[in-house]
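Using the sequences and the hints given, assemble the complete structure.
Residue numbers (my numbering), protein chains in the order written: chain A, 1 to 383; chain B, 384 to 682.
I should point out that these hints are in silico values taken from the structure, not numbers from a laboratory. Cβ coordinates follow ideal geometry from the N, Cα and C atoms, glycine included. Heads up, some of the hints might be wrong.
Have a look at the derived ranges for each label pair, beta carbon to beta carbon [to be verified]: (1) B/550 - A/217: 39 to 49 Å; (2) A/292 - B/498: 53 to 63 Å; (3) B/547 - A/89: 54 to 64 Å; (4) B/484 - A/268: 41 to 51 Å; (5) B/536 - A/268: 21 to 31 Å; (6) A/62 - B/464: 57 to 67 Å; (7) A/353 - B/665: 38 to 48 Å; (8) B/536 - A/292: 38 to 48 Å; (9) A/195 - B/668: 30 to 40 Å.
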Amino acid sequence: MVKKISIFALAVCLVAGLSGMANAADTIKIGFHAPLTGFAASDGKSSTEGAKLAVNQVNAAGGVLGKQLELVVYDDQAKPAQSIPIANKLIGQDKVVVGISGSYSGATRSAAGVFQEAKIPYISAYGIHPDITRAGEYVFRTSFLGEIQGHAGAKLLGDMMGKKKVVIITLQNDFGKSLAAGFKDKAADYGISIVNEYQYSIKDRQFGSIVAKVKADNPDAIYASGYYFTAGPLVSQLRAAGVTCPVIGQEGYDSQKFIEIAGPAAEGVIITTSLDRDSKVPETADFITAFEKQAGFKSDMVAASGHTAVMVAADAIKRAGSTDPAKVLAAIQTTNLKVSTGTIKFNALGEVMKAVQVQVVKDGNWHHYDVIDDAALLAPPAE
Amino acid sequence: MSPVFRAACERLTMLYFELLIQGLIYGSMYAIIAVGLTLVYGLLRILHVAHAGLFALGGYMGLLITNSTGSLILGMPLAAAIVGVVGMAIYRLCYQPILDQPPYVALIASIGLFIAMEEMFRLIFGPFGLTYTNAPLQSVVQFAGIYLRAVDLAIVVGSLSLLGALSWLSQKTRIGLAWRATVDDPQIAESFGISVLNVRYLNFFIGSALAAVAGVFISLLSNLVEPTMGGVPSYKALAIIVLGGLGNVAGTLIASLVLGVVEAFGTIYIGDILDRDAIAFAFLIIVLMIRPEGLFARR
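Laid out in structure tokens, this is it:
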């Protein structure tokens with residue numbers, strides 16, 4: 001009996017496998033890696049859901065080149081040591097047409113080299129490290145560089161809000177350091193003097209001593225980098241200690257979870273990001289509703305970035321009229337596409353050129369505050 | 384003394400005082416996490432890394448019960464009791480069968496168990512972490528220009544009184560006598576009619592329940608319970624119990640408080656060169672170079 005069942009099970013598996021293969025031949029594969037386990041699993045989940053939504057939308061509209069898109073997803077745990085074999089697998093075994101990273105800078109940088117070597121186009125959805133696109137002409141980025149967002153932060157604080165005495169609280173990783181570097185780079189241009197800078201590690205959730213010191217510094221505003229899980233506790237601890245000055249964050253805060261963690265303390269926090277919650281632009285508004293419907297939780301910057309990267313890839317394959325990597329590459333280079341995070345165009349290095357959205361927390365939700373569209377300030381490096 | 388200079392001095396004294404208080408808060412948290420670990424080591428000579436998993440489980444249980452009943456008074460003791468029982472189960476199912484193996488076998492089992500627990504939390508409760516619907520103990524108390532949340536005070540008072548109770552239990556009661564006897568020499572203790580197994584169960588129950596209390600406290604501090612919240616305690620508590628002299632409860636308490644204060648000041652004054660989590664280990668290396676038996680080792 002047991003034997004019969006196992007033979008039956010084997011047969012089912014074989015049939016399922018074969019039909020899977022038959023299916024595979026009719027699809028165009030897009031490779032995707034993101035941290036689905038480990039410390040960055042929440043961002044991995046968001047970016048993957050965003051990418052899946054894009055694939056579903058493209059397929060519902062008839063797919064590309066008469067075929068359906070198929071998203072091949074692997075878990076890289078945000079580790080470079082995982083993303084390199086994944087990149088090799090996506091290229092060698094899955095034969096993907098385009099690779100997309102829904103992961104952090106470290107894992108993205110290492111995979112970028114592999115894709116460049118194999119001459120397969122590769123798009124980083126939200127990795128911020130400058131070296132990612134320097135891997136070569138096959139590598140693109142649909143989000144801002146950390147430095148560029150730091151520039152926007154300096155303009156926002158010094159120029160638009162008129163705050164001149166600033167304390168910087170920096171998350172000690174690629175993300176936080178490049179934001180701080182960009183901010184300091186442009187601070188003097190907007191008359192900002194930096195009183196002090198403090199560093200914390202991504203594992204920190206208790207900021208008591210930094211908060212005590214910031215209070216003694218008594219700044220006009222705080223420029224603090226972090227992710228929702230560090231920024232949420234940081235902001236609530238600052239407010240509980242009686243620090244009332246404005247707190248400026250970035251896309252790392254950009255999650256409903258930040259507001260949930262910080263509670264009433266989140267009110268009035270302002271961030272630079274790439275998703276405008278109050279947007280009337282149909283691409284963005286549709287994304288926000290469709291995402292919540294599919295994923296069951298509210299969209300964030302990471303989700304919109306995963307969605308954007310897949311949309312850029314699908315659009316390029318469509319315009320190339322082929323899955324030939326060189327043709328797809330040429331098509332990505334000439335991208336001019338309106339998507340959830342704005343209008344995407346790339347410069348010679350493969351860096352995106354788009355406007356920075358400024359959002360504020362009001363009544364427990366992210367809302368439009370302003371937009372920074374200063375092309376000279378936001379110009380990414382071209383080589 | 385010029386008034387400007389005096390004002391500057393006052394501000395600095397104030398800052399140092401605030402940092403000292405923050406250090407005591409950090410230190411009390413470390414103490415109740417580390418004490419369970421040092422108890423297990425004292426009794427079984429096992430480095431119980433999965434203790435940090437129980438700490439996270441405590442956070443989850445406390446938050447879930449508090450959210451569904453609206454009462455932390457219910458949430459915290461229930462979380463402690465549940466996690467205490469899970470701690471006993473871990474001893475029975477994971478450690479007891481391999482007690483006759485060399486110590487690294489238990490260490491590997493413990494690390495494996497810890498990783499499995501982290502991923503299990505992620506699968507069951509999701510990767511985003513959970514928050515209190517209406518976080519308790521967040522009201523701000525103000526005295527002498529210092530703002531503290533009720534939870535800050537609760538951590539210091541709660542940890543120190545729990546550790547005081549533990550010390551009373553071990554020094555003044557018959558259970559404590561049996562416990563100390565078993566730590567000294569399990570075979571002789573057994574021949575005097577002490578149930579070594581019961582002592583071990585009790586040990587795991589108390590240690591795990593304390594870890595759960597710490598988990599609930601930390602979840603209240605940051606209003607966040609996440610799958611990886613045990614990550615930092617998993618190794619920092621090891622450094623603390625080595626500093627405190629392995630198996631020494633009083634030493635662990637002092638080491639925790641000292642480390643908390645060193646971290647509170649270190650984050651501000653040497654944060655550029657040394658990460659907060661690295662401070663514990665730099666401190667550990669220095670102490671081990673000078674006193675290889677730990678700060679407060681029993682001879």
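Okay, the hints, checked on the actual structure:
1. B/550 - A/217: 39 to 49 Å: holds (41 Å)
2. A/292 - B/498: 53 to 63 Å: violated (33 Å)
3. B/547 - A/89: 54 to 64 Å: holds (57 Å)
4. B/484 - A/268: 41 to 51 Å: violated (57 Å)
5. B/536 - A/268: 21 to 31 Å: Once the Cβ atoms are compared, 27 Å apart, the range 21 to 31 Å for residue 268 of chain A and residue 536 of chain B holds.
6. A/62 - B/464: 57 to 67 Å: Given a distance of about 58 Å, which is inside 57 to 67 Å, the answer is holds.
7. A/353 - B/665: 38 to 48 Å: Since the Cβ atoms of residue 353 of chain A and residue 665 of chain B sit about 45 Å apart, the hinted range of 38 to 48 Å holds.
8. B/536 - A/292: 38 to 48 Å: holds (40 Å)
9. A/195 - B/668: 30 to 40 Å: Holds - the Cβ-Cβ distance for residue 195 of chain A and residue 668 of chain B, about 33 Å, lies within 30 to 40 Å.
When the structure is compared with the earlier hints, violations turn up for hints 2 and 4 and for no others.
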